[in-house]
Amino acid sequence: MARKVFIAGNWKMNKTAAETVELCKALKEKFADICPNCVDVAVCPPFTSIAAAIAELKGSNIKVGAQNIHWADNGAFTGEISGAMLKEMGVEYVIIGHSERRQYFGETDETVNKRLQAALKYDLKPIVCIGETLDEREGGKTEAVLEKQIKGAFAGIKECCFKKVVIAYEPVWAIGTGKTATPEMAEETHKFIRKVCAELYGEALAEEAVIQYGGSMKPENSQQLVAQKDIDGGLIGGAALKADSFHDLVKNAIA
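For the sequence shown, the tail end lands on 450 under my numbering, and the numbers increase by one without skipping.
It is possible that some hints are incorrect.
Unchecked claim - In silico DMTMM-like pairs for lysine to aspartate or glutamate, Cα to Cα no more than 25 Å straight-line:
#1 LYS258 <-> ASP443
#2 LYS424 <-> GLU398
#3 LYS199 <-> GLU214
#4 LYS353 <-> GLU338
#5 LYS258 <-> ASP318
#6 LYS258 <-> GLU224
#7 LYS353 <-> GLU302
Quick caveat, the hints were computed from the structure, so don't treat them as lab data.
Work out the full structure: start from the sequences and follow the hints.
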(Lines of atoms letter the chains of each structure in order from A and count residues from 1; the text may use other names and numbers.)
(Lines give C-alpha, C1' and ligand atoms only; values in the text may rest on other atoms or scores of the structure.)
Protein backbone atom coordinates (compact mmCIF):
# COMPACT_ATOMS: atom_id res chain seq x y z
CA MET A 1 0.00 0.00 0.00
CA ALA A 2 1.35 3.41 -0.96
CA ARG A 3 2.27 5.73 1.87
CA LYS A 4 0.14 8.87 2.12
CA VAL A 5 1.98 12.16 1.67
CA PHE A 6 2.19 14.24 4.85
CA ILE A 7 3.24 17.88 4.85
CA ALA A 8 3.51 19.90 8.06
CA GLY A 9 4.33 23.56 8.49
CA ASN A 10 6.64 24.43 11.38
CA TRP A 11 6.00 28.10 12.10
CA LYS A 12 8.82 28.26 14.67
CA MET A 13 8.71 31.52 16.70
CA ASN A 14 6.47 33.35 14.26
CA LYS A 15 2.86 34.59 14.24
CA THR A 16 0.95 36.15 17.11
CA ALA A 17 -2.53 34.82 17.85
CA ALA A 18 -4.07 37.57 15.69
CA GLU A 19 -1.67 36.83 12.83
CA THR A 20 -2.45 33.13 13.22
CA VAL A 21 -6.16 33.74 12.73
CA GLU A 22 -5.42 35.75 9.59
CA LEU A 23 -3.13 33.07 8.14
CA CYS A 24 -5.47 30.20 9.03
CA LYS A 25 -8.40 31.95 7.33
CA ALA A 26 -6.32 32.25 4.18
CA LEU A 27 -5.18 28.61 4.45
CA LYS A 28 -8.75 27.35 4.79
CA GLU A 29 -9.74 29.18 1.64
CA LYS A 30 -6.66 28.11 -0.32
CA PHE A 31 -6.78 24.46 0.72
CA ALA A 32 -10.41 23.95 -0.24
CA ASP A 33 -9.14 22.58 -3.58
CA ILE A 34 -6.72 20.07 -1.99
CA CYS A 35 -8.07 16.53 -1.75
CA PRO A 36 -7.69 15.26 1.83
CA ASN A 37 -7.46 11.69 0.52
CA CYS A 38 -4.26 12.62 -1.32
CA VAL A 39 -2.35 14.35 1.46
CA ASP A 40 -2.35 15.00 5.20
CA VAL A 41 -1.61 18.62 6.11
CA ALA A 42 -0.79 20.14 9.49
CA VAL A 43 0.47 23.45 10.85
CA CYS A 44 2.50 23.80 14.05
CA PRO A 45 2.21 27.32 15.50
CA PRO A 46 3.86 28.64 18.68
CA PHE A 47 2.18 27.55 21.92
CA THR A 48 0.48 30.94 22.34
CA SER A 49 -1.24 30.60 18.95
CA ILE A 50 -2.33 26.96 19.09
CA ALA A 51 -5.81 27.66 20.48
CA ALA A 52 -6.45 30.31 17.82
CA ALA A 53 -5.31 27.93 15.06
CA ILE A 54 -7.47 25.08 16.30
CA ALA A 55 -10.54 27.31 16.53
CA GLU A 56 -10.02 28.82 13.09
CA LEU A 57 -9.20 25.53 11.32
CA LYS A 58 -12.06 23.55 12.84
CA GLY A 59 -13.91 21.67 10.13
CA SER A 60 -11.11 22.13 7.60
CA ASN A 61 -8.72 19.51 6.20
CA ILE A 62 -5.76 21.09 8.05
CA LYS A 63 -4.68 19.65 11.41
CA VAL A 64 -2.77 21.43 14.19
CA GLY A 65 0.43 20.37 15.93
CA ALA A 66 2.78 21.73 18.58
CA GLN A 67 6.52 22.37 18.35
CA ASN A 68 7.60 20.61 21.55
CA ILE A 69 6.42 18.55 24.52
CA HIS A 70 7.87 17.84 27.96
CA TRP A 71 8.24 14.30 29.24
CA ALA A 72 6.64 14.99 32.65
CA ASP A 73 2.90 15.22 33.23
CA ASN A 74 3.32 18.31 35.40
CA GLY A 75 5.76 19.88 37.86
CA ALA A 76 8.50 22.45 38.28
CA PHE A 77 9.54 22.77 34.65
CA THR A 78 9.30 26.47 33.92
CA GLY A 79 8.61 27.27 30.27
CA GLU A 80 7.64 23.71 29.32
CA ILE A 81 4.30 22.21 28.28
CA SER A 82 2.92 18.73 28.95
CA GLY A 83 1.17 16.16 26.82
CA ALA A 84 -1.98 16.52 28.91
CA MET A 85 -2.09 20.25 28.18
CA LEU A 86 -1.63 19.72 24.45
CA LYS A 87 -4.19 16.92 24.30
CA GLU A 88 -6.81 19.00 26.10
CA MET A 89 -6.33 21.82 23.58
CA GLY A 90 -7.01 19.49 20.68
CA VAL A 91 -3.50 19.21 19.28
CA GLU A 92 -2.95 16.17 17.02
CA TYR A 93 0.77 16.31 16.15
CA VAL A 94 3.91 17.32 18.01
CA ILE A 95 7.40 18.01 16.68
CA ILE A 96 10.16 16.40 18.74
CA GLY A 97 13.92 16.92 18.57
CA HIS A 98 14.06 19.65 15.94
CA SER A 99 17.64 20.62 15.14
CA GLU A 100 17.10 24.08 16.63
CA ARG A 101 16.04 22.46 19.91
CA ARG A 102 19.18 20.33 19.77
CA GLN A 103 21.43 23.25 18.82
CA TYR A 104 20.14 26.00 21.11
CA PHE A 105 18.35 24.26 23.98
CA GLY A 106 20.39 21.18 24.78
CA GLU A 107 18.09 18.54 23.31
CA THR A 108 19.75 15.11 23.19
CA ASP A 109 18.83 11.70 21.84
CA GLU A 110 17.88 10.74 25.41
CA THR A 111 15.50 13.68 25.88
CA VAL A 112 14.04 13.11 22.41
CA ASN A 113 13.24 9.55 23.51
CA LYS A 114 11.59 10.76 26.73
CA ARG A 115 9.51 13.34 24.87
CA LEU A 116 8.52 10.73 22.30
CA GLN A 117 7.27 8.43 25.05
CA ALA A 118 5.23 11.30 26.52
CA ALA A 119 3.65 12.07 23.15
CA LEU A 120 2.68 8.44 22.65
CA LYS A 121 1.25 8.26 26.17
CA TYR A 122 -1.21 11.01 25.27
CA ASP A 123 -1.98 9.62 21.83
CA LEU A 124 -0.36 12.53 20.04
CA LYS A 125 1.27 11.88 16.67
CA PRO A 126 5.01 12.55 17.00
CA ILE A 127 7.16 14.04 14.25
CA VAL A 128 10.66 12.98 15.29
CA CYS A 129 13.43 15.04 13.71
CA ILE A 130 16.87 13.75 12.83
CA GLY A 131 19.66 15.23 10.73
CA GLU A 132 23.35 15.94 10.34
CA THR A 133 25.32 19.19 10.33
CA LEU A 134 27.43 20.40 7.42
CA ASP A 135 30.64 19.35 9.18
CA GLU A 136 29.22 15.88 9.77
CA ARG A 137 28.13 15.51 6.14
CA GLU A 138 31.45 16.75 4.76
CA GLY A 139 33.25 14.45 7.19
CA GLY A 140 31.39 11.42 5.85
CA LYS A 141 29.53 10.91 9.14
CA THR A 142 25.95 11.31 7.90
CA GLU A 143 24.94 7.67 8.23
CA ALA A 144 26.62 7.19 11.61
CA VAL A 145 24.94 10.32 12.99
CA LEU A 146 21.51 9.36 11.69
CA GLU A 147 21.75 5.77 12.92
CA LYS A 148 22.70 7.00 16.40
CA GLN A 149 19.83 9.49 16.45
CA ILE A 150 17.28 6.92 15.25
CA LYS A 151 18.35 4.25 17.74
CA GLY A 152 18.46 6.80 20.55
CA ALA A 153 15.04 8.23 19.74
CA PHE A 154 13.36 4.83 19.49
CA ALA A 155 15.04 3.10 22.44
CA GLY A 156 12.38 1.03 24.21
CA ILE A 157 9.65 2.01 21.71
CA LYS A 158 7.57 -1.02 20.74
CA GLU A 159 6.44 -1.90 17.22
CA CYS A 160 2.84 -0.85 17.88
CA CYS A 161 4.06 2.62 18.86
CA PHE A 162 6.58 2.95 16.04
CA LYS A 163 3.65 2.76 13.60
CA LYS A 164 2.32 6.06 14.96
CA VAL A 165 5.54 8.02 14.48
CA VAL A 166 6.52 10.25 11.57
CA ILE A 167 10.26 10.75 10.97
CA ALA A 168 11.48 14.06 9.59
CA TYR A 169 14.93 14.06 8.03
CA GLU A 170 16.23 17.61 8.23
CA PRO A 171 19.80 18.13 7.09
CA VAL A 172 20.85 20.93 9.42
CA TRP A 173 22.97 22.52 6.70
CA ALA A 174 19.88 23.00 4.53
CA ILE A 175 17.51 24.55 7.09
CA GLY A 176 16.81 28.19 6.38
CA THR A 177 19.98 28.48 4.29
CA GLY A 178 18.37 28.15 0.89
CA LYS A 179 20.60 25.13 0.28
CA THR A 180 18.73 21.97 -0.58
CA ALA A 181 19.88 18.44 -1.11
CA THR A 182 19.21 17.31 -4.66
CA PRO A 183 16.23 14.94 -4.86
CA GLU A 184 18.71 12.12 -5.47
CA MET A 185 20.83 13.05 -2.43
CA ALA A 186 17.74 13.29 -0.23
CA GLU A 187 16.41 9.97 -1.53
CA GLU A 188 19.69 8.23 -0.79
CA THR A 189 19.54 9.40 2.82
CA HIS A 190 15.85 8.57 3.22
CA LYS A 191 16.55 5.09 1.90
CA PHE A 192 19.24 4.66 4.56
CA ILE A 193 16.85 5.87 7.29
CA ARG A 194 14.28 3.29 6.18
CA LYS A 195 17.01 0.63 6.24
CA VAL A 196 17.85 1.44 9.88
CA CYS A 197 14.15 1.34 10.76
CA ALA A 198 13.91 -2.07 9.08
CA GLU A 199 16.76 -3.33 11.25
CA LEU A 200 14.85 -2.20 14.35
CA TYR A 201 11.27 -3.07 13.41
CA GLY A 202 11.35 -5.26 10.30
CA GLU A 203 10.96 -4.41 6.63
CA ALA A 204 7.15 -4.38 6.61
CA LEU A 205 6.86 -1.67 9.27
CA ALA A 206 9.78 0.27 7.82
CA GLU A 207 8.03 0.34 4.44
CA GLU A 208 4.92 1.78 6.09
CA ALA A 209 6.84 4.51 7.94
CA VAL A 210 6.27 8.09 6.76
CA ILE A 211 9.58 9.92 6.36
CA GLN A 212 9.44 13.63 5.61
CA TYR A 213 12.16 15.81 4.15
CA GLY A 214 12.85 18.99 6.10
CA GLY A 215 15.56 20.93 4.32
CA SER A 216 14.34 24.07 2.53
CA MET A 217 11.50 22.42 0.63
CA LYS A 218 9.77 25.04 -1.52
CA PRO A 219 6.99 25.15 -4.14
CA GLU A 220 9.69 24.96 -6.81
CA ASN A 221 11.17 21.65 -5.62
CA SER A 222 8.41 19.87 -3.67
CA GLN A 223 7.22 17.82 -6.65
CA GLN A 224 10.70 16.50 -7.47
CA LEU A 225 11.44 15.67 -3.84
CA VAL A 226 8.15 13.93 -3.03
CA ALA A 227 8.36 11.98 -6.30
CA GLN A 228 11.30 10.06 -4.82
CA LYS A 229 10.43 6.55 -3.62
CA ASP A 230 11.31 7.06 0.04
CA ILE A 231 10.33 10.73 0.54
CA ASP A 232 6.79 10.99 1.87
CA GLY A 233 6.29 14.71 2.33
CA GLY A 234 7.95 17.57 4.12
CA LEU A 235 8.42 19.47 7.35
CA ILE A 236 8.27 23.03 6.07
CA GLY A 237 9.70 26.19 7.63
CA GLY A 238 9.67 29.52 5.79
CA ALA A 239 7.37 28.43 2.96
CA ALA A 240 4.66 27.58 5.52
CA LEU A 241 4.36 31.15 6.78
CA LYS A 242 2.44 32.39 3.74
CA ALA A 243 -0.78 30.85 2.50
CA ASP A 244 0.15 31.10 -1.19
CA SER A 245 3.55 29.42 -0.90
CA PHE A 246 2.35 26.68 1.48
CA HIS A 247 -0.63 25.88 -0.75
CA ASP A 248 1.50 25.82 -3.88
CA LEU A 249 4.12 23.64 -2.22
CA VAL A 250 1.48 21.07 -1.18
CA LYS A 251 -0.34 21.18 -4.52
CA ASN A 252 2.90 20.68 -6.46
CA ALA A 253 3.98 17.86 -4.15
CA ILE A 254 0.93 15.76 -4.96
CA ALA A 255 0.69 16.72 -8.65
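Hint check results:
no., hint, in the structure
1, LYS258 <-> ASP443, "18 Å, holds"
2, LYS424 <-> GLU398, "15 Å, holds"
3, LYS199 <-> GLU214, "30 Å, violated"
4, LYS353 <-> GLU338, "23 Å, holds"
5, LYS258 <-> ASP318, "15 Å, holds"
6, LYS258 <-> GLU224, "15 Å, holds"
7, LYS353 <-> GLU302, "22 Å, holds"
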